[in-house]
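Taken in sequence, the protein lines are chains A and B.
The first sequence maps to residues 4 to 415 in the working numbering.
The second sequence maps to residues 5 to 439 in the working numbering.
None of these hints come from the bench; they were simulated from the model.
These numbers were taken from a predicted model, which means no experiment stands behind them.
There's no promise every hint is true.
[Stated by the list, open to error] Taking lysine-lysine and the DSSO-like style, the derived pairs with C-alpha atoms no more than 27 Å apart in a straight line are:
1) LYS201/B to LYS284/A
2) LYS322/A to LYS338/B
3) LYS414/A to LYS150/B
4) LYS177/A to LYS66/A
5) LYS307/B to LYS46/A
6) LYS208/A to LYS66/A
7) LYS66/A to LYS365/B
8) LYS119/B to LYS24/A
9) LYS365/B to LYS131/A
10) LYS159/B to LYS412/A
11) LYS259/B to LYS338/B
The lines below spell out each chain.
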Amino acid sequence: MIEFDRFTLDNGLRVLVHRDKQTPIVAMNIIYQVGSRDEEFHKTGFAHLFEHLMFGGSLNIPKFDEPLQKAGGENNAFTNSDFTNYYLTLPKNNLETAFWLESDRMLSLAFSEKSLEVQRQVVIEEFKQNYLNQPYGDVYLLLKPLAYKIHPYRWNTIGREISHIEKATMADVKAFYNKYYHPANAILCVAGDVETGEIKPLAEKWFGSIPGRQRPVQSYPQEAEQTEARVKEVVRDVPQDAFYMAWHMPARLHPDYYTCDLISDLLSNGQSSRLFQKLVKEKPLLTEVNAYISGDLDGGLFLVTGKLYPGVDFNTAEKAVMDELQKLAIEQVPENELQKVKNKAEANLVFSEISVLGRAMALSYYEMLGDAALFGKEVEKYRAVSVQRVQQVAADLFSPQKRNFLIYKSKS
Amino acid sequence: MKTTQYPDRTKQPSLGRPVSLVLPQIESIKLNNGLEFFLIPDSTQEVTRLDLVFDAGSSAQKKKLQAAAVNQLLSEGTRQKTSMEIAEILDFHGAYLDKFLSKDKAGLTLFGLTKYYHRLLPLLVEMLSEAVFPERELKIFDDRKKQEYLVNIQKVRYQASLEFNRLVFGVNSAYGQILEADDFGLLTREDLLDFYKNNYQTTGFYGILSGKVDNELLKHLQASFGHLGQAEQTTPVIPVDFISPSSKNEKLIPKKAALQSAIRMGGLTIDRNHPDFPKLSLLNTVLGGYFGSRLMGSLREDKGYTYGIYSLIQNYRHAAYFAIATEVNAEHTKAAVDEICRQMEMLRSEKISGDELRTVKNYVYGSYLRNFDGSFALAERFMKSRELEMPFESYRQTLDAMMRCTADDLLQTAQKYLNPDKMKTLVVGNTTDFV
Numbered sequence: 004m005i006e007f008d009r010f011t012l013d014n015g016l017r018v019l020v021h022r023d024k025q026t027p028i029v030a031m032n033i034i035y036q037v038g039s040r041d042e043e044f045h046k047t048g049f050a051h052l053f054e055h056l057m058f059g060g061s062l063n064i065p066k067f068d069e070p071l072q073k074a075g076g077e078n079n080a081f082t083n084s085d086f087t088n089y090y091l092t093l094p095k096n097n098l099e100t101a102f103w104l105e106s107d108r109m110l111s112l113a114f115s116e117k118s119l120e121v122q123r124q125v126v127i128e129e130f131k132q133n134y135l136n137q138p139y140g141d142v143y144l145l146l147k148p149l150a151y152k153i154h155p156y157r158w159n160t161i162g163r164e165i166s167h168i169e170k171a172t173m174a175d176v177k178a179f180y181n182k183y184y185h186p187a188n189a190i191l192c193v194a195g196d197v198e199t200g201e202i203k204p205l206a207e208k209w210f211g212s213i214p215g216r217q218r219p220v221q222s223y224p225q226e227a228e229q230t231e232a233r234v235k236e237v238v239r240d241v242p243q244d245a246f247y248m249a250w251h252m253p254a255r256l257h258p259d260y261y262t263c264d265l266i267s268d269l270l271s272n273g274q275s276s277r278l279f280q281k282l283v284k285e286k287p288l289l290t291e292v293n294a295y296i297s298g299d300l301d302g303g304l305f306l307v308t309g310k311l312y313p314g315v316d317f318n319t320a321e322k323a324v325m326d327e328l329q330k331l332a333i334e335q336v337p338e339n340e341l342q343k344v345k346n347k348a349e350a351n352l353v354f355s356e357i358s359v360l361g362r363a364m365a366l367s368y369y370e371m372l373g374d375a376a377l378f379g380k381e382v383e384k385y386r387a388v389s390v391q392r393v394q395q396v397a398a399d400l401f402s403p404q405k406r407n408f409l410i411y412k413s414k415s
Numbered sequence: 005m006k007t008t009q010y011p012d013r014t015k016q017p018s019l020g021r022p023v024s025l026v027l028p029q030i031e032s033i034k035l036n037n038g039l040e041f042f043l044i045p046d047s048t049q050e051v052t053r054l055d056l057v058f059d060a061g062s063s064a065q066k067k068k069l070q071a072a073a074v075n076q077l078l079s080e081g082t083r084q085k086t087s088m089e090i091a092e093i094l095d096f097h098g099a100y101l102d103k104f105l106s107k108d109k110a111g112l113t114l115f116g117l118t119k120y121y122h123r124l125l126p127l128l129v130e131m132l133s134e135a136v137f138p139e140r141e142l143k144i145f146d147d148r149k150k151q152e153y154l155v156n157i158q159k160v161r162y163q164a165s166l167e168f169n170r171l172v173f174g175v176n177s178a179y180g181q182i183l184e185a186d187d188f189g190l191l192t193r194e195d196l197l198d199f200y201k202n203n204y205q206t207t208g209f210y211g212i213l214s215g216k217v218d219n220e221l222l223k224h225l226q227a228s229f230g231h232l233g234q235a236e237q238t239t240p241v242i243p244v245d246f247i248s249p250s251s252k253n254e255k256l257i258p259k260k261a262a263l264q265s266a267i268r269m270g271g272l273t274i275d276r277n278h279p280d281f282p283k284l285s286l287l288n289t290v291l292g293g294y295f296g297s298r299l300m301g302s303l304r305e306d307k308g309y310t311y312g313i314y315s316l317i318q319n320y321r322h323a324a325y326f327a328i329a330t331e332v333n334a335e336h337t338k339a340a341v342d343e344i345c346r347q348m349e350m351l352r353s354e355k356i357s358g359d360e361l362r363t364v365k366n367y368v369y370g371s372y373l374r375n376f377d378g379s380f381a382l383a384e385r386f387m388k389s390r391e392l393e394m395p396f397e398s399y400r401q402t403l404d405a406m407m408r409c410t411a412d413d414l415l416q417t418a419q420k421y422l423n424p425d426k427m428k429t430l431v432v433g434n435t436t437d438f439v
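In isolation and in its complexed conformation, chain A is listed as follows:
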């Protein structure tokens, strides 16, 4: 069990403190509750572009990285559909620099034109490097709009197209900042050899004077239940045929989220998993296969993807995959096989707790879900999944009418 303390400042900032006496390093993690689902259809890629701008200077600090490096620290950030996460680590004796840096950019950015121009270019290069100039790089650009019709999950965090990033204006940047970057929309976690008694005064000192604002109202159009199968086929200059299947799955806080996670493990986590053994080792029809969940808060996707062995045709591969999925709905999975993936889930949770930064991130994430203490309850939720439930959920999940199917053909 990971222990922590929690308090909230008058301006609404939620603060978590976790103590680990073993390490000379302190981790500071901040979540802002804004992601690409908060963007408009014609201005996508903004939450992520914004993450870059957060390093381009704040009211009193021209460059975020420089003073942090001077304090022996390192940092990074990521953005996804649901939230934006900033993290840093530094030697404990320089902890106050972390408070100074993070509070200044929560107070106000510098809104420098130069920074906007440069980060716009950097993000465009990132778009090209990861999504365009890369075999299979555009898969999610194709798959998400196939699976989602009205929810903002239908675009990727990088954005729908480069032109949206090209057109972002300083006025957009300011409006976005004012709406989402303030204490009540943020969660701060400090983890290391620290006590709540020393963190509280520091938090008051540096974050306490930042004006509080109302949490923005965030509501998203939810997808209607999918009733017919969707297929998209593309031909690309790639060496190997590939396929991507996606089904809608329950929201993050639904108990069947855990069932789905375990189903994906039964299918492809580890070399003894079903799809790997049957389709990569026994037959072999695929050179790679993977089943995983996207984990988005409003209801993510259950994905099954694979690359075909040379000479294998799509129909054969598809049938073999669907047979394996359907088998979970027809035959109850043996108890010990379910136990195996539960053990694996439990071990993974223990592994994720090893680094102090990992713990700071996890606590912030679960606090965003509603309560940091949920982190400690994950194992129980996995344990509670029964073989009967696995069968019921699989039967409902893998319906052919609810499938989104991307066929990705090799030109050659």
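Go by the hints and put chain B onto chain A.
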């Protein structure tokens, strides 16, 4: 009543005295059969890591992919168990078995809950004493590896890293071997058995246990590994040439449709034992070793040519090289190369400021603290020090020497080692502006 505080935000809070880097004394035990295991205990979590390290790196192989195939297939069948049965046992206990391979070393890393180690250790012993390398598994390995290669070689970044390796170490050298499309389908089961025997079974290996290490675990270790037939401590066969660099300094590989070009610049350099190494290492950090580096500041933060650029010194047992690596917007390829050269020239002609020097030193100090934090990180560093045949304590000496570096030292080091005219340049992508 609480009063709102308005701290002075214009100045960075004063920095504390550096925490000193404490490297633990690393103890080892010898089993009855002479096998040595190093222990890096930390009992805060119920997790243990075991590394098993062999002189079975790719530089020791006679055929390409031989070292990789043996390494990968250790867990794909033994005299007593099929590949599936082995996978079942590992997965059931939530354990991960990673295989690692470098030019000099290869081995296995097991991550698992400590309470299951008594079931996992005998399995590892089986892999080391009676792996069978089934034909079928070799075929699957080879096919999958080939497909992976065909996908990767389309990426300018991957192609550049292979070609640069060959450019630096030379075509016909042990370190310069790179994968090519016609290397697949040539390995036989006999090749694997041969390499297994020579490099895993008849030369010594050692282990590192980190994380939770208690007496119970050590008893299980003796009961399993203690019965492994002890290897004779023969020296592995050393290839004649680790390196045979060509005199060629430039290689251009045009790729018409590429949106980005991959650039690599650098060459062979001094190794860790050289007295100038700490200075060069600090200089490398200034140039491209961290986010605030000169190259990142110029090519990403100022010009927006790239998503990222970095430089590094890569150490192997018998050689070391320096490299700058980036992928840039294809239309700015030539401008990027020129700017990289200009940044090196600046370090060769102007002393860096006291402020920048302080920043870099503090950053390096902090990164050492991070890289040596926790027993798993220590295990990794310890393994690397053994690979390079350096005492573990030398990390501390390198760090101390870096902290003593002056701006003059860095200027002289740049003049000595950072000469763009003597470096090799490789471009994959838009090569039209190069003559």
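Verification of the supplied hints:
1. LYS201/B to LYS284/A: holds, 26 Å
2. LYS322/A to LYS338/B: violated, 50 Å
3. LYS414/A to LYS150/B: holds, 18 Å
4. LYS177/A to LYS66/A: Given that 27 Å is the threshold and the Cα spacing comes to 18 Å, the pair holds.
5. LYS307/B to LYS46/A: holds, 24 Å
6. LYS208/A to LYS66/A: holds, 22 Å
7. LYS66/A to LYS365/B: holds, 18 Å
8. LYS119/B to LYS24/A: holds, 24 Å
9. LYS365/B to LYS131/A: Violated - the C-alpha atoms of LYS131/A and LYS365/B are around 34 Å apart, more than 27 Å.
10. LYS159/B to LYS412/A: Distance ~18 Å between LYS159/B and LYS412/A Cα, so the pair holds.
11. LYS259/B to LYS338/B: holds, 15 Å
When the structure is compared with the earlier hints, violations turn up for hints 2, 9 and for no others.
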